[in-house]
Amino acid sequence: MRSSYPGFVLRRLGQAVVVVLLAYIATFVVISVLPGDPVSGILNNPENGFSPEQVDQIVSYYKLDQPVPVQLWESLSRFLTGDLGVSLRTNLPVAPMIGQVAASTFSLAGAALVIALVLAFAVGYGAHALPRWAGRDLLRAFPSLFLSVPNYVVGLLVLIFFSFQLHLFSVIDSETPVGTFFAALTLAIPVSAQLAEVIIANLDHESTQEYATVARSRGLTQAGLFVRHLLKPASLPVVTVIALIVGELLGGAVLTEQIFGRNGLGSLVQQSVTTQDTPVLQAVVSLSAVVFVVVNLVADLVYPLLDPRVRLTETRARATVPAPGRVPGPFAPSGLSTPKAG
Amino acid sequence: MTVATLSEPSLDAPRAGVLVRVPPTVAVSLLWLAVIVAWSLAPGLFTGHDPAAGTPTEKLLGPGTTHWFGTDDLGRDLFSRVVHGSASSVSSALVSVAIGVVAGSLIGLLAGFLEGWVDTVLARFVDVLLAIPGFLFAVIIVSALGFRTINAAIATGVVAVAVFARVMRAEVIKVRQATFVEASYLQGGSRWQILLTHILPNASRSIVPLAVLQFGVAILVIAGLAFLGYGDPPPASDWGRLVADGEKFPFAPWMIYAPAAVIVATVLALNRISRWLRRPA
Numbered sequence: 001m002r003s004s005y006p007g008f009v010l011r012r013l014g015q016a017v018v019v020v021l022l023a024y025i026a027t028f029v030v031i032s033v034l035p036g037d038p039v040s041g042i043l044n045n046p047e048n049g050f051s052p053e054q055v056d057q058i059v060s061y062y063k064l065d066q067p068v069p070v071q072l073w074e075s076l077s078r079f080l081t082g083d084l085g086v087s088l089r090t091n092l093p094v095a096p097m098i099g100q101v102a103a104s105t106f107s108l109a110g111a112a113l114v115i116a117l118v119l120a121f122a123v124g125y126g127a128h129a130l131p132r133w134a135g136r137d138l139l140r141a142f143p144s145l146f147l148s149v150p151n152y153v154v155g156l157l158v159l160i161f162f163s164f165q166l167h168l169f170s171v172i173d174s175e176t177p178v179g180t181f182f183a184a185l186t187l188a189i190p191v192s193a194q195l196a197e198v199i200i201a202n203l204d205h206e207s208t209q210e211y212a213t214v215a216r217s218r219g220l221t222q223a224g225l226f227v228r229h230l231l232k233p234a235s236l237p238v239v240t241v242i243a244l245i246v247g248e249l250l251g252g253a254v255l256t257e258q259i260f261g262r263n264g265l266g267s268l269v270q271q272s273v274t275t276q277d278t279p280v281l282q283a284v285v286s287l288s289a290v291v292f293v294v295v296n297l298v299a300d301l302v303y304p305l306l307d308p309r310v311r312l313t314e315t316r317a318r319a320t321v322p323a324p325g326r327v328p329g330p331f332a333p334s335g336l337s338t339p340k341a342g
Numbered sequence: 001m002t003v004a005t006l007s008e009p010s011l012d013a014p015r016a017g018v019l020v021r022v023p024p025t026v027a028v029s030l031l032w033l034a035v036i037v038a039w040s041l042a043p044g045l046f047t048g049h050d051p052a053a054g055t056p057t058e059k060l061l062g063p064g065t066t067h068w069f070g071t072d073d074l075g076r077d078l079f080s081r082v083v084h085g086s087a088s089s090v091s092s093a094l095v096s097v098a099i100g101v102v103a104g105s106l107i108g109l110l111a112g113f114l115e116g117w118v119d120t121v122l123a124r125f126v127d128v129l130l131a132i133p134g135f136l137f138a139v140i141i142v143s144a145l146g147f148r149t150i151n152a153a154i155a156t157g158v159v160a161v162a163v164f165a166r167v168m169r170a171e172v173i174k175v176r177q178a179t180f181v182e183a184s185y186l187q188g189g190s191r192w193q194i195l196l197t198h199i200l201p202n203a204s205r206s207i208v209p210l211a212v213l214q215f216g217v218a219i220l221v222i223a224g225l226a227f228l229g230y231g232d233p234p235p236a237s238d239w240g241r242l243v244a245d246g247e248k249f250p251f252a253p254w255m256i257y258a259p260a261a262v263i264v265a266t267v268l269a270l271n272r273i274s275r276w277l278r279r280p281a
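As given, the protein sequences belong to chains A and B, one line each in that order. One point on numbering: in UniProt numbering, the residue at position 140 of the first sequence is 140, and numbering is uninterrupted. One point on numbering: in UniProt numbering, the residue at position 68 of the second sequence is 68, and numbering is uninterrupted.
Since the hints were made in silico from the structure, they are not lab data. Among the hints, erroneous ones may be present.
Unchecked claim - So, partial list: chain A residues that the calculated Cβ filter (under 8 Å) puts toward chain B:
id	residue
1	V17
2	V18
3	A26
4	S144
5	L145
6	P150
7	V153
8	Q258
9	S267
10	V269
11	L281
12	V285
13	L287
As the list claims (entries may be wrong) - Some chain A residues flagged as far from chain B (calculated, every beta-carbon gap over 12 Å):
id	residue
14	S4
15	Q54
16	P131
17	L147
18	N151
The beta carbon of each residue, even a glycine, is placed where N, CA and C say it ideally should be.
One chain only, chain A, in its complex shape (with noise of 0.2 Å):
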């Protein structure tokens, strides 16, 4: 039996759902293990400037004086209205915070993953195809290269060489095209070598295959193959894996607004931590939880309507006999629970 593409999409945003709430919900009870108690921590801390009825309104507000999993009941219901809840640094509601500075982050991610897909592909081409002499072993080392490289130690060397030496942009104003070009190349560096592994594993199968010996006996060219024949069926399995990066991209944005002095999520994150703003700090991580699902939704559904050889076939080959014997359930030995045909 064939499960239905309509039935295989309600089943995934079903769970996607679930785990977008249970993420909302880890997040929560990490923060609220802080060992410091925001109350006393900042809101009674005359420093901050906290008038005695606002620190009422706040504790009032998130429920602070009552058990934990109310909190959580209280938090979630308000997460699930889409109110995020009020900073305890700013005293200003979370999403418009976030807002803010969420498409700096975006556009720096985005930027990336295009850098990031550009050299993973040129990588794999050339380490597929160029001739030996040319470097193409060399090339096969790079994945590793890249993956040991630290983000934070690239994003230092970008910054000595392209804005201390040769003066191409400059840290006091980040956010311009060049400035994002290269926090976008930091990034990307360490994400590329994922992609490129997995596409130079894919040209190297596909390229064995008996339709690629059978062009290649028509007379085609290495290029002419891997235009016509070897590119799609080798990117098909990178919708995947981009899928899976995202969520590097967003933790790895961290480092790199730290490094390029941009006003990011990353760095919104990071002055969260240093004064404990857990409200915003749980928005961020919820939002990033969002956003990695999502895309991982996308992926899943888009995926079988690409590739013609990946139908839903789940459900076919479940057979249900039970077990005889006293052999335990789900160890029923192979041979006896295979059902006859017919």
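With chain A's structure known, arrange chain B on it following the hints.
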């Protein structure tokens, strides 16, 4: 047919096991790791300079014969600081990998072995861990536990749990269907006995290369957290903190080069060894 394919490789197996051929790059990697371990265990043997005491007249010197990696803004010897920092960097990565392997394998083992609702619940739990961007999650956990290197290690370990759980579960499901597991049931083996004597040892084979790989990732992430200042405070010289110290002196780039090169070489070595362990035997 089955008999023939089974008997031939098993005759060759012991002979191949005695002579393990180590490619030169792997040998270099192992050698480098041995150096790092030696630095961690006995830093005093490798450098005569005190990592904490600076000589103000010798500040910000480039690499040379007396100070191999140069000196920092307080005139402290960078080579000595890197060597003395390795104990903390290596042991925290070890702690993190241990947490990931133990907790992740346990979750994967139970999910793959028990199936049913246990599997569903654990799989959702792993999905949730995967959905929160790893580095962000580590930052949150560190901020909850307090800014110490050991807490950074715990955070990195918790983030790695999902990876190990996923691989372990897949392996358990694969091994569970093997003929020898079936045979063991027919001989009257109990579920838990089979889990411990057959499934666990066979399924953990692919955990070993993953753990080595994760060791490298943990070094990177913990150094990243230390770079942000979420590790032990200053007199400590974790590799990540050394890089962060160098950030303030762009005109003295060797302050970044030395610790960065050590981090890169170590992670590269671990990646190479992991790849070698994963090779088809």
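Would the stated hint for S267 of chain A survive a check requiring a Cβ distance to chain B of less than 8 Å?
Violated - the Cβ of S267 of chain A stays beyond 8 Å from chain B, reaching only about 11 Å at its closest.
With chain B as the partner, please determine if S144 of chain A meets the hint condition of a C-beta pair closer than 8 Å.
5 Å, holds
Given hint V285 of chain A near chain B, where the shortest CB pair must fall under 8 Å
6 Å, holds
Does the no-contact call for S4 of chain A survive, Cβ to all of chain B over 12 Å?
It holds; S4 of chain A is separated from chain B by about 22 Å at its closest Cβ, greater than 12 Å.
Against chain B, with CB atoms and a cut of 8 Å, does the hint on V153 of chain A hold up?
4 Å, holds
Non-interface claim for N151 of chain A: all C-beta distances to chain B beyond 12 Å?
Non-interface label on N151 of chain A violated, nearest chain B Cβ at 7 Å vs cutoff 12 Å.
Taking the closest Cβ pair, is L287 of chain A under 8 Å from chain B?
Not OK, violated: L287 of chain A not within 8 Å of chain B, min 10 Å.
Verify the interface restraint on P150 of chain A: the C-beta must sit less than 8 Å from at least one C-beta of chain B.
5 Å, holds
Holds or violated: L145 of chain A as interface residue toward chain B, Cβ cutoff 8 Å?
7 Å, holds
Given hint Q258 of chain A near chain B, where the shortest CB pair must fall under 8 Å
OK, holds: Q258 of chain A within 8 Å of chain B, min 7 Å.
Holds or violated: is the Cβ of L281 of chain A closer than 8 Å to a Cβ in chain B?
6 Å, holds
Closest C-beta approach of V269 of chain A to chain B relative to 8 Å, hint status
6 Å, holds
The structure does not agree with the numbered hints 1, 9, 13, 17, 18 stated previously, though it agrees with the rest.
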